[in-house]
Amino acid sequence: MTEAIVARDLVKTYPPDVRALDGLTISVEAGTVFGLLGPNGAGKSTTVRILTALSRPDSGTAFVAGIDVLADPQAARRAIGVVGQKHGVDPQATGRENMVLQGVFYGLGGRELRTRVGETLERFDLAAVADRRVKTYSGGMQRRLDVAMGLIHRPQVLFLDEPTTGLDPEVRSEMWKEVEKLAHSEGMTILLTTHYLEEADRLADEVAIVDHGKIVASGTPEALKRGLEGDTIEIELGEGDAAATRGALARVDGIGLTEVDGRVLRVRARDGAAVVPAVLAALDAHGIRAASLTMARPSLDEVYLRHAGRRFDEEEVAA
Amino acid sequence: MTALRQTRQVSLRYLRALVRQGAWIGITLTQPLIWLLLFGALFKAVTEIPGFHGGSYIAFLAPGVVVMLAVSSAGWTGMGFIEDMTSGVMDRTLAAPVWRGALNLGSVAQAVLTILIQSLLIVGLALVLGARFAGGVGGVAILVLVGAMLGAVFASLSNGLALLARQREALIGAVSFVLLPLTFLSSALMQRSLEPSWIRTVSQFNPVNWAAEAGRSAALGHADWGLVASRIGYLVALLIVAAWFATRAFGTYQRSL
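For the protein sequence lines, the chains are A and B, in the order given.
Per the numbering used here, numbering of the first sequence is gapless, rising by one per residue and ending at 319.
Per the numbering used here, numbering of the second sequence is gapless, rising by one per residue and ending at 576.
Bear in mind the hints are in silico, worked out from the structure with no lab data behind them.
Given the structure is predicted, the values throughout are model-derived calculations rather than measurements.
Positions of the beta carbon are idealized from the N, C-alpha and C atoms, including for glycine.
Take the hints with a grain of salt, since some may be wrong.
Unchecked claim - Okay, the calculated beta carbon distance ranges per label pair:
1) R327(B) <-> T61(A): 31 to 41 Å
2) A128(A) <-> A322(B): 26 to 36 Å
3) R567(B) <-> K135(A): 43 to 53 Å
4) T25(A) <-> R335(B): 41 to 51 Å
5) R335(B) <-> E112(A): 16 to 26 Å
6) H184(A) <-> A322(B): 32 to 42 Å
7) R132(A) <-> W395(B): 21 to 31 Å
8) V560(B) <-> T136(A): 40 to 50 Å
9) T25(A) <-> F524(B): 45 to 55 Å
10) V497(B) <-> R154(A): 45 to 55 Å
11) L546(B) <-> T165(A): 52 to 62 Å
To be verified - To be clear about the criterion: a stretch of chain B counts as covered by chain A if any three or more of its residues have a C-beta under 8 Å from a C-beta of chain A, and this derived list gives those stretches:
12) 321-329
13) 409-423
14) 495-501
Using the sequences provided together with the hints, build the complete structure.
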């Protein structure tokens, strides 16, 4: 297993006294999608700026594609594609002009540049509007151009800083498909930052939760959720004495908190799927029939709550 | 090669953006004419001051307006960078392995091209108004060149300042603050021997004055070639310093990110 991104103990302070990164450490396996998840101000964008050689940390080390970003920023830049939080496109120029300029910045030229610009525009479904000024583009077209520009030099590692913030749902899901395509069919390493839990959940092979400039939890989304011991089994009770359910379940192993709300029973369990048969059998033994059963995995929201000690949306409002 | 291509593409980008704004073209082309006509009308009586030698005030004034307009046009160059910082274009650009010097020089090249066009318009209008430049085509060429160099200096300074200040207001403030003092502390609008002596002393250190002196003396055909050469030398030296400053300012900007 090779690592495409390794950052150790990154510290970054801004005057007068803001500690944006406080010893942040991450490592990303090549060919995977890594989600850096956290609210605004947690340190996500600062991390991306450091890893893309745009900004320097006060201390710590950063390697991307095997290159020491701090020692050889120019080489690192060549290996990296960046799609920033803001649109990095010039609205007065056409899509093609934006692409050409970007290519020239990466040292491309001549026929190679022209061919590659044409191909990339085609690939992102922008060929028809390539010679129109970007200010006439829709939000989705602009974002596609953004990504296309980040890929013009065929980077090994792509950084997407909040790629879907401010996009409407339709464009967002279009963007998600694009990221999945890049990761799965082209084997690119992608680091994306997001404050949308569902985005990290859907796209990332591995997630790290950033809070106050530090990683407070990391792992696959599944592992993080499992760590909560928090599947919820919800059973709508049919015939039988609802009041007797607590007693009925007292001797079932592997279940946690149980609550009865009218004729709805909620059971928390570390591994929901494994305990369902035992729960149903115990109810049945007490003459209680289940009318329906649903099981919900915990959301990353709950993971966040657990590790950052706050609810995600509260933080958002505060920010 | 790559550096050159990058510089050219950057200047093309800014030029295209300007040309696509109809209002900008209108303003850029009429401003020189208005300045020459207004200053010409207002200061016409200068020719009657005892000690003024030079006959036509328009011929005397035209080099001064060339120089003043070069500073004023070039001063705003940094606005392009500030717009790029706001839009995210700057960060995306700096994440690329592009030569930082190309970003400044490309933007300076666009400013210089604008200034060249404006200077030629001023000279053309002065000729229409009956001014005669005894320095001939060569003398006028030196005037235009000196104006362009001064413009390149101020365009670089403006870019560097934009990167350090990162705010529209700071740049507007700085440009409006320096434009008039630099113009009035020079012989752009007034014959040197008629200036108060303290202004004559201060103006020796004023790049606007270097350009005004060299440009006027070449265009009006009473060139002191030693003076022209030394002033051009000063301007070249200052241009190198200014370009170096603007290129370095990218690093300062990045450290603030």
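Hint check:
{"no.": "1", "hint": "R327(B) <-> T61(A): 31 to 41 Å", "in the structure": "holds (37 Å)"}
{"no.": "2", "hint": "A128(A) <-> A322(B): 26 to 36 Å", "in the structure": "holds (34 Å)"}
{"no.": "3", "hint": "R567(B) <-> K135(A): 43 to 53 Å", "in the structure": "violated (33 Å)"}
{"no.": "4", "hint": "T25(A) <-> R335(B): 41 to 51 Å", "in the structure": "holds (45 Å)"}
{"no.": "5", "hint": "R335(B) <-> E112(A): 16 to 26 Å", "in the structure": "holds (23 Å)"}
{"no.": "6", "hint": "H184(A) <-> A322(B): 32 to 42 Å", "in the structure": "holds (38 Å)"}
{"no.": "7", "hint": "R132(A) <-> W395(B): 21 to 31 Å", "in the structure": "holds (28 Å)"}
{"no.": "8", "hint": "V560(B) <-> T136(A): 40 to 50 Å", "in the structure": "holds (42 Å)"}
{"no.": "9", "hint": "T25(A) <-> F524(B): 45 to 55 Å", "in the structure": "holds (54 Å)"}
{"no.": "10", "hint": "V497(B) <-> R154(A): 45 to 55 Å", "in the structure": "holds (46 Å)"}
{"no.": "11", "hint": "L546(B) <-> T165(A): 52 to 62 Å", "in the structure": "holds (59 Å)"}
{"no.": "12", "hint": "321-329", "in the structure": "holds (count 5)"}
{"no.": "13", "hint": "409-423", "in the structure": "holds (count 8)"}
{"no.": "14", "hint": "495-501", "in the structure": "violated (count 0)"}
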